[in-house]
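4 protein chains.
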Amino acid sequence: MNTFNRQEFASDNYAGTCPEALHWFLEANASGHEPAYGDDRWTQRSTDMLRKLFDIECDVYFVFNGTAANSLALASLCQSYHSVICTPVAHIETDECGGPEFFSNGSKLLVAENTSDAARLGKLTPDAVHTLVTKRTDIHYPRPKVVSITQATEMGTVYSVDEVSAISQMARKHQLKVHMDGARFANAVAHLGCSPADVTWRAGVDVLCFGGTKNGLPIGEAVVFFDRQLSEDFAWRVKQAGQLASKMRFISAPWVGLLENDVWLHNARHANAMAQRLHQGLCQLPGVMCIHTPEANGVFAQLPAKTVDAMQARGWKFYQFIAGGGCRFMCAWDTTEASVDAFLADMHTELAR
Amino acid sequence: MNTFNRQEFASDNYAGTCPEALHWFLEANASGHEPAYGDDRWTQRSTDMLRKLFDIECDVYFVFNGTAANSLALASLCQSYHSVICTPVAHIETDECGGPEFFSNGSKLLVAENTSDAARLGKLTPDAVHTLVTKRTDIHYPRPKVVSITQATEMGTVYSVDEVSAISQMARKHQLKVHMDGARFANAVAHLGCSPADVTWRAGVDVLCFGGTKNGLPIGEAVVFFDRQLSEDFAWRVKQAGQLASKMRFISAPWVGLLENDVWLHNARHANAMAQRLHQGLCQLPGVMCIHTPEANGVFAQLPAKTVDAMQARGWKFYQFIAGGGCRFMCAWDTTEASVDAFLADMHTELAR
Amino acid sequence: MNTFNRQEFASDNYAGTCPEALHWFLEANASGHEPAYGDDRWTQRSTDMLRKLFDIECDVYFVFNGTAANSLALASLCQSYHSVICTPVAHIETDECGGPEFFSNGSKLLVAENTSDAARLGKLTPDAVHTLVTKRTDIHYPRPKVVSITQATEMGTVYSVDEVSAISQMARKHQLKVHMDGARFANAVAHLGCSPADVTWRAGVDVLCFGGTKNGLPIGEAVVFFDRQLSEDFAWRVKQAGQLASKMRFISAPWVGLLENDVWLHNARHANAMAQRLHQGLCQLPGVMCIHTPEANGVFAQLPAKTVDAMQARGWKFYQFIAGGGCRFMCAWDTTEASVDAFLADMHTELAR
Amino acid sequence: MNTFNRQEFASDNYAGTCPEALHWFLEANASGHEPAYGDDRWTQRSTDMLRKLFDIECDVYFVFNGTAANSLALASLCQSYHSVICTPVAHIETDECGGPEFFSNGSKLLVAENTSDAARLGKLTPDAVHTLVTKRTDIHYPRPKVVSITQATEMGTVYSVDEVSAISQMARKHQLKVHMDGARFANAVAHLGCSPADVTWRAGVDVLCFGGTKNGLPIGEAVVFFDRQLSEDFAWRVKQAGQLASKMRFISAPWVGLLENDVWLHNARHANAMAQRLHQGLCQLPGVMCIHTPEANGVFAQLPAKTVDAMQARGWKFYQFIAGGGCRFMCAWDTTEASVDAFLADMHTELAR
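Protein chains in written order, with my numbering: chain A, 1 to 353; chain B, 1 to 353; chain C, 1 to 353; chain D, 1 to 353.
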């Protein structure tokens, strides 16, 4: 017999498939035989829906996961002797096991120095880009070619449209392309309340990796090229890199579920709201230091070390992103108010000991 | 409204997800939150089931597709300056867009010369391996390190246990590792009627890429290392190459469905039987030249060129593997007798014109 | 005490440094301190001389050897999921240990089928290019992006200006770039009697790897980009790939010696003339079958197997390029008439036994 | 007419070829024809001399430059999903344009945090190794596999035998291999006064890249494997990567010149002595802050910014390694006392203004 697990705050990828994505997964299966490798009706349909959503004739490629999406996108923007500018907390730097370096055959990630307030919030700034580009221009060091920003950031914050534009302008000034790691792009748009176009291509983004998995898909991300010249032969790149699904419909049909009726946005808004609820609850607890106000679906707070241990002993799962009590709590599309409240209640009990 | 498509013979990856795999996909989703990256119960369970199936403490890794499975397995067996021996029709040579070369950073595929009967049947022979290994031993040419065989072959034939053993013995003699591309491994075992262990590790195979997709999964293949020394740090390799699913349960739980009650074998037997039915029907049609008797789920026949055109005009989808009427017809786990018969009836009509 | 070795016919890279190259090597050393990495006067001077020689503002990069020159040039013309069309005897296919695949991170070499007379002479034809480009256009196979021809060929023949132009036109028709492996470019020009420009950029060649080593340098080849858009950031590529000499003057200064007073051409003419002498001598020997008339500095002939053994027993070094007595004899810039005659005399003796 | 340039302090690779190396270069040329690719007598001889020097049956490979030597050595010690621990000033990190990442197909360099005194001196410590190895052990981050130290360091300091041993012991504890970038290995040994074996394999070093270029060769470095199991098939790796010289004798014969009569050590001692002379001269100048006492052939000092400008205006070439007057002055095997004194005299004049 199957058991329904307690909801956790370790990662938004602990959640399963949302009902709308599942509906289309099943619908795609019900048709029996279907052409492979993307020549099916749902791949066409979801691609068209993404074009409409972004209000531009973009090129769309569905791949299996975020490491592949980011790595393939970056590899299409630079050669092995080029470099990619990002923050020290960027997922491409800290959690993809050298995927970008592997797919690009050696491109170096140049990490912006972590000094300003923006950096504390996990953000890159135009100044940091400028500093890294101008620091070295000789041939003994990989030449910067791409700026990569994560939206929403790994620190649960969101770049404003103006912030993205300012980075893009600096990038353009130095002939750099702009890549957006949008593993939680939906959460960022939900926070900003802008159109997806406004914070991507209209703000100078060349390629977006639009995350589906954390938003409610079982598997799958979309690589969206707003500058179609950059995606020349990208289909071959995807195939060679083992990222072309034969039964593509099972990746693409669930996207129809996300995109229809703005489910992607509703899912993200809900996750963001749960993060607010958790944040506000935590801030009221004595002994908890809230690090910054969440803008997306991640909550960051400093807990007493013994409380961290006690909560983990109670079976709660969450990450300590730094030693000494700094913790991250992620809310998903399905996190319930009850789960948040249960967590807060346990916290309250433990802090009172 | 969704329509149920006509079944095609273009590829066994036109079929959808089999009921048993779907059942476990849904079961996995029903549990709500679940640890990511394989720390879930179905990944453990399906891995244990594979170990039991192969009767050995093998290492198992689930990846997204066959190109990745083969490429990662080969890359773990050789370095960039090594080479892999295979047939000219090997999928790794003809249909993976240079995936093996990419993942290995440049390993060359050495194609066995296509002269013998075995070669006509899409098979490698010990002699062909010997010839390629001894042809060049200088440092100006990549050093052979791996033999790769496809089971069942791309020509719809199946290596006997003795044939696999003979190749493995020749491989061992030259210090080569043995890789088995088992995209249709189930179909081969169904034909042979042996145990999976007999035709793999007991016959000298080091690594098997066990295909799930064509056998009835939505997505996913298993890389099975029988020699566990060869899989050292393979988990890191998988992660870096963008092949580690965050919501792994959606890859691994459907495997439970395939492995429970030998569904994998039933699916394969059915596909093989449909291939036999199609083959026998074709052989009785005047003007059709059956190339060889199918052993797995693929049928190969020579059709009059105008019949090829006419059948395609009727909407039937299948591949011409060579110019001039040589055709391949693949049967899937869900191919019905009615579909086979409808195809044969149309053939009969067209050949009579 | 040093001994002066007998001259061999195994390879033109058995020869040492020609006096003019040595003169400038010593001259470059005599200046004491000199800026590194190419910021020296001889790098500038030899680059200017090459521009003058080719009558165009080309981009020139000096690298260490031919494998690197070819591999770097090809990698700058294609991505990992692209392919390079060449002959089955092309050095990049047979003798660079997968260098092109390594530097490009996996580009496949597509070998033209070996049927026509041109193929027998080691030449690619426009038709062979067309056949390979149009054979597959799907994303499951690497997309052709480059045609690579060797001038002079590995079979000692030379493409005429018209032949190169015809290949280039076919390449252009299919959006392919043209690479010329000119390890023995000097020998080809010496044979053709044309200007270097006529048989390169004016005939549609995009990049030439101009061989210096076999022409009389101790070490070093020049990569010459006629289309300067193709060499963007090539200096970074060279550096990353370990091909940027710190004491560059010792690579570039000897080039001054080759280029001054057309020494490169005189060296090549001499080697070609020795090949003619050897060829004519061999043709007159009973039992020797001359395969084709040499155009550059390589001689190909079929010898009785026992004569091959006997000559090798006498200490003569040369390569059997195929089993059964097919032999290659290379003449170098310094091969003397006396050496040719001594070889022929021994041949005469052995054949008479 | 050739002019003898003023000696500079920009880099020790501004110097030319030392007389003994040149002698053997000419000797090797005088023999006429010689087998290629290392089958010549000087390659054998210099290899034997290196084995004697290191008092062990090591494997020796000659390559063209330091970037290639380091990158190939590192690639032989780790896979793409592994990482290499080094200091932030390591040449492999700062000046090889991503060479190590390219040759290894993506291995990440993990830079030790720059806090301790040792780090200020450009040294790695066992503690820093331990911290980096234990910081992350999950599969989302490249697994450490190699420790790379530079001997002498990029800051002109030298690891003692005990320091190397301590690092190696920590490396062994964590199953890491030890690579030594010895671009200035000779200068380190000259300073230590120990045997080359004591500070390499007896101290736990697995692979040494022994620099010849800065020590007086025109071109060439030696990769020395003390653990011969690590060099399996390394000859193929070298060939594929474009690092196998066809006329190998011109790389290897000059090594005979360096190794005979301990020329390599005399050259290094002289360069070190000139660095001492320069350092002592600089320390006595008012306004100059000597950063640390040189142990090898590099001098580091802080100059008033206007003095830097003035000296450069006088035509002196040297590097500012950081902004604001921090300068590096390198002495070479041929740097004369007169050159040092001329530089100091100009400094004196400029500082007095």
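Please keep in mind that the hints were generated in silico from the structure rather than gathered at the bench.
Incorrect hints may have been included.
[As the list claims (entries may be wrong)] Here are the simulated lysine-lysine pairs, DSSO-like style, with alpha carbons at most 27 Å apart:
1) LYS173/D - LYS135/A
2) LYS52/C - LYS135/B
3) LYS135/B - LYS173/C
4) LYS306/B - LYS317/B
5) LYS173/D - LYS135/D
6) LYS173/C - LYS135/C
7) LYS306/A - LYS306/D
8) LYS306/A - LYS317/A
9) LYS306/B - LYS306/C
10) LYS317/B - LYS317/C
11) LYS317/D - LYS306/D
12) LYS306/C - LYS317/C
13) LYS135/D - LYS317/A
14) LYS135/D - LYS306/A
Going down the list of hints, with the structure as the test:
Restraint check for LYS173/D and LYS135/A: the C-alpha separation of about 37 Å exceeds 27 Å, so the hint is violated. Under the criterion of a C-alpha separation no larger than 27 Å, the hint pairing LYS52/C with LYS135/B is inconsistent with the structure, at around 45 Å. Taken as a hint, the LYS135/B and LYS173/C pair is broken in the structure, with Cα atoms around 37 Å apart against an allowance of 27 Å. Between LYS306/B and LYS317/B, the direct Cα distance comes to roughly 15 Å. Compliance with the 27 Å bound is thereby established for this hinted pair.
Between the alpha carbons of LYS173/D and LYS135/D the distance comes to roughly 15 Å, so the proposed pair stays at or under 27 Å and holds. Distance check on the hinted pair: LYS173/C and LYS135/C sit about 15 Å apart at the alpha-carbon level, within 27 Å; holds. Taking the CA atoms of LYS306/A and LYS306/D, the gap is about 56 Å. The hint is violated against a cut of 27 Å. Taken as a hint, the LYS306/A and LYS317/A pair is honoured in the structure, with Cα atoms around 15 Å apart against an allowance of 27 Å.
For the hint linking LYS306/B to LYS306/C, the alpha-carbon distance of about 56 Å lies beyond 27 Å, and the restraint is violated. Simply put, LYS317/B and LYS317/C have alpha-carbon atoms about 59 Å apart, too far for the 27 Å limit, and the pair is violated. Between the alpha carbons of LYS317/D and LYS306/D the distance comes to roughly 15 Å, so the proposed pair stays at or under 27 Å and holds. Simply put, LYS306/C and LYS317/C have alpha-carbon atoms about 15 Å apart, close enough for the 27 Å limit, and the pair holds.
Distance restraint check for LYS135/D and LYS317/A: the Cα-Cα separation of roughly 20 Å lies within the 27 Å cut-off, and the hinted pair is therefore satisfied. A distance of roughly 21 Å separates the Cα atoms of LYS135/D and LYS306/A; the hinted pair therefore holds under the 27 Å criterion.
When each numbered hint is compared with the structure, violations occur for hints 1, 2, 3, 7, 9 and 10.
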